[in-house]
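J.: Below are the chains, spelled out letter by letter.
Number of protein chains: 2
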Amino acid sequence: MASLACYVSFAPIRCSSNRDNNPNNQQLNSMKINGTSAMSTTKIEGLTQSSTGLGTTLVAVTSRAETEYNTNTKEQTRQNIPTEKQLVDPYRQGLIIDNGVGYRQTVVIRSYEVGADKTATLESILNLLQETALNHVWMSGLLSDGFGATHGMMKNDLIWVVTRLQVQVDSYPIWGEVLEVDTWVGASGKNGMRRDWVIRSHETGHVFARGTSTWVMMNQKTRRLSKMPEEVRGEISPWFITKKAIPHDASLKIKKLDDKAKYVTTNLKPKRSDLDMNHHVNNVKYVRWMLETIPDKYLESHQLSSITLEYRRECGRADIVQSLCDPEEDEVQQGNDINILNGFSLPSDILVGRGLMGSFDMGPMKFTHLLQIKGERENEEIVRGRTTWKRKISTIPFSI
Amino acid sequence: MASLACYVSFAPIRCSSNRDNNPNNQQLNSMKINGTSAMSTTKIEGLTQSSTGLGTTLVAVTSRAETEYNTNTKEQTRQNIPTEKQLVDPYRQGLIIDNGVGYRQTVVIRSYEVGADKTATLESILNLLQETALNHVWMSGLLSDGFGATHGMMKNDLIWVVTRLQVQVDSYPIWGEVLEVDTWVGASGKNGMRRDWVIRSHETGHVFARGTSTWVMMNQKTRRLSKMPEEVRGEISPWFITKKAIPHDASLKIKKLDDKAKYVTTNLKPKRSDLDMNHHVNNVKYVRWMLETIPDKYLESHQLSSITLEYRRECGRADIVQSLCDPEEDEVQQGNDINILNGFSLPSDILVGRGLMGSFDMGPMKFTHLLQIKGERENEEIVRGRTTWKRKISTIPFSI
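Sequence order for the protein chains is Z and V.
For the first sequence, this note's numbering assigns the number 5 to the initial residue and increments by one for each residue that follows.
For the second sequence, this note's numbering assigns the number 5 to the initial residue and increments by one for each residue that follows.
Since the hints were made in silico from the structure, they are not lab data.
Treat the hints loosely; a few may be bogus.
Which copy is meant is left open, because identical chains are indistinguishable; a pair holds if it fits in one copy or across any two.
Claimed, not checked - Derived DMTMM-like pairs: lysine to aspartate or glutamate, alpha-carbon spacing no greater than 25 Å straight-line: (1) K257 - E382; (2) K275 - E127; (3) K247 - E234; (4) K89 - E207; (5) K301 - D323; (6) K396 - D149; (7) K266 - E234; (8) K273 - D323.
Quick caveat: nothing in here was measured; it's all calculated off a predicted structure.
The task is simple: from the sequences and hints, build the whole structure.
T.: And the structure:
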């Protein structure tokens with residue numbers, strides 16, 4: 005029941021040309037488990053805290069809010085977090101589905117969630133994943149203080165940390181479009197959890213995007229990864245289901261870039277507004293830093309079709325960040341995502357993009373990314389990323 | 005029926021200690037009209053376009069969307085903009101109120117809309133103003149292509165431009181809190197329009213924030229301000245009501261800062277993700293640039309209680325921006341917002357903030373702002389701003 009909280013880590017994905025499996029059919033594939041091998045005793049300095057310190061945060065905020073707003077109203081009353089499982093939330097437009105364990109929320113793409121081309125931005129989509137995940141926990145009656153931790157987790161000083169997140173966007177919803185976001189959780193190894201999402205058109209059922217993420221528990225005091233206590237397993241395992249949003253998740257390891265990367269942006273400094281409740285840089289900022297390192301000309305003619313992040317350590321206000329980005333130039337020679345057409349082997353994206361004739365001048369379709377903190381003696385990895393891209397069909401300039 | 009679109013201009017406000025008038029009571033105050041004196045023939049190079057070029061945008065987006073998503077589904081079907089007035093929108097949780105002319109939307113503060121202190125950010129509040137304004141027009145059946153333009157406006161090549169926006173935030177809603185946002189429009193002079201908002205707690209009716217804005221029409225081809233054609237007046241004047249969200253709007257002119265301003269941030273460059281549908285820098289970015297020029301230490305111990313922007317010209321991707329900020333040091337001597345307590349004259353905010361004893365070490369409570377494009381020969385004003393602040397009651401550091 006973890007949420008996709010302040011930090012998300014994403015991992016390598018392939019851009020498959022056949023994503024049209026119906027996620028409504030629960031698939032009984034055995035799950036692929038990522039990033040859970042170092043469980044229980046390894047001290048992980050860098051992993052993200054998803055609910056650390058919120059007790060203190062609550063005290064501070066309550067004090068301020070009570071004085072200014074209503075001395076008789078407590079923050080918890082204002083938030084009104086359910087203490088028992090709810091089947092429907094009229095305000096969040098949420099609904100428990102999938103035999104009582106999955107969550108569906110209806111959302112409308114808002115005017116400020118779209119970019120210059122009137123389609124939802126990747127950042128908006130990532131925000132919706134976080135929001136629906138938290139609302140799932142909200143509805144479950146298990147939500148304690150903080151970002152997605154259950155009562156049993158709070159009792160054991162445990163928080164969720166995310167090790168990987170992968171999002172595939174087949175097409176982008178537009179301003180005013182009504183969506184359904186489904187999310188659910190499953191086991192990931194003995195002590196981990198997977199959270200998946202599918203974003204569909206409410207009207208047609210067309211799938212816009214799918215996501216999957218992997219989570220483990222950390223003791224927020226010792227900062228060591230933890231086994232899942234039986235108490236917590238008892239809370240969350242009844243919510244586990246086996247279907248997967250991305251059935252053929254290959255989980256390719258993302259290679260680590262070094263200073264030879266083709267594109268490098270240096271001296272990136274977090275701003276106050278980039279910080280989340282834990283005073284760490286939020287995920288959307290990571291993605292922005294990564295994408296802004298890709299040349300503009302490329303971004304204008306391509307759209308992102310998938311992103312994977314593997315999270316290594318958090319980034320605070322004082323850190324100075326470097327964003328490295330390297331194209332994968334050898335696309336045509338790779339075995340993945342190949343279609344055969346008239347004797348040519350081409351990435352399927354190229355066929356979607358401009359057809360055969362236009363396929364040779366379009367540049368790379370994949371990039372590897374790294375955000376790191378530039379240290380005096382050595383650099384520290386924040387997050388590795390991998391993005392895949394499609395060429396936009398229409399690149400008619402928009403009038404001003 | 006204009007929306008608060010991509011650009012908003014805000015103007016000087018005073019932080020009043022008595023904001024508890026009930027906006028449900030329609031007030032028959034005569035309206036204050038701002039910025040409409042140069043109507044109809046003056047060529048205004050700098051004013052913001054709120055729907056310029058969206059015809060072209062639609063063509064481009066439709067082409068892309070149709071091919072990738074569903075060749076039989078048109079963008080307009082996906083957006084499903086009503087062609088007749090609707091009284092209820094279940095997806096947007098919107099409702100026509102105020103005898104059929106006002107709009108109320110229920111919204112929940114989302115996890116990613118709050119900052120490090122768990123309260124909604126000013127940016128989130130500005131986004132909600134834009135969203136509810138557009139949804140009001142959406143419900144009216146008058147919305148044509150673009151950001152808030154009516155059918156009659158489109159026919160006459162007219163777009164809305166905003167000249168001023170003022171927002172007062174008495175207290176900030178928290179994560180998960182359910183709000184009601186009311187918005188409505190009124191006349192502003194012969195050819196202008198005012199749009200107001202009130203944001204309340206759904207549970208208690210407590211008012212968190214109020215906003216007001218002033219709009220005029222511009223011919224998007226000639227870029228001249230325009231009289232309101234009778235056809236358009238016929239569309240929108242039935243929606244006008246006279247009540248005001250901020251009844252005692254003093255509309256102080258914001259002084260123009262020069263290079264002597266105490267705080268200056270230079271070399272601000274718009275990023276791709278800062279651009280809106282018109283490929284202009286969006287408003288939230290303006291506000292960020294303004295606020296980030298205030299020293300961190302001040303921002304950590306104070307919260308913004310009001311902001312006003314007066315918009316002068318748009319800012320594009322290639323512009324290099326300078327953010328100037330100057331504190332108003334002579335607060336105690338000013339005649340505005342004064343309370344008399346034990347013989348001391350003090351701004352009311354100080355009393356709200358830390359009480360009398362702590363009032364002398366808190367620094368300025370108001371700032372004047374200017375964003376400008378640094379030109380070779382002269383600078384060009386983008387937007388003037390004025391912010392007022394309260395000291396936070398509790399500044400206990402949040403744990404990590």
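J.: Which hint numbers doesn't this structure obey?
T.: 7
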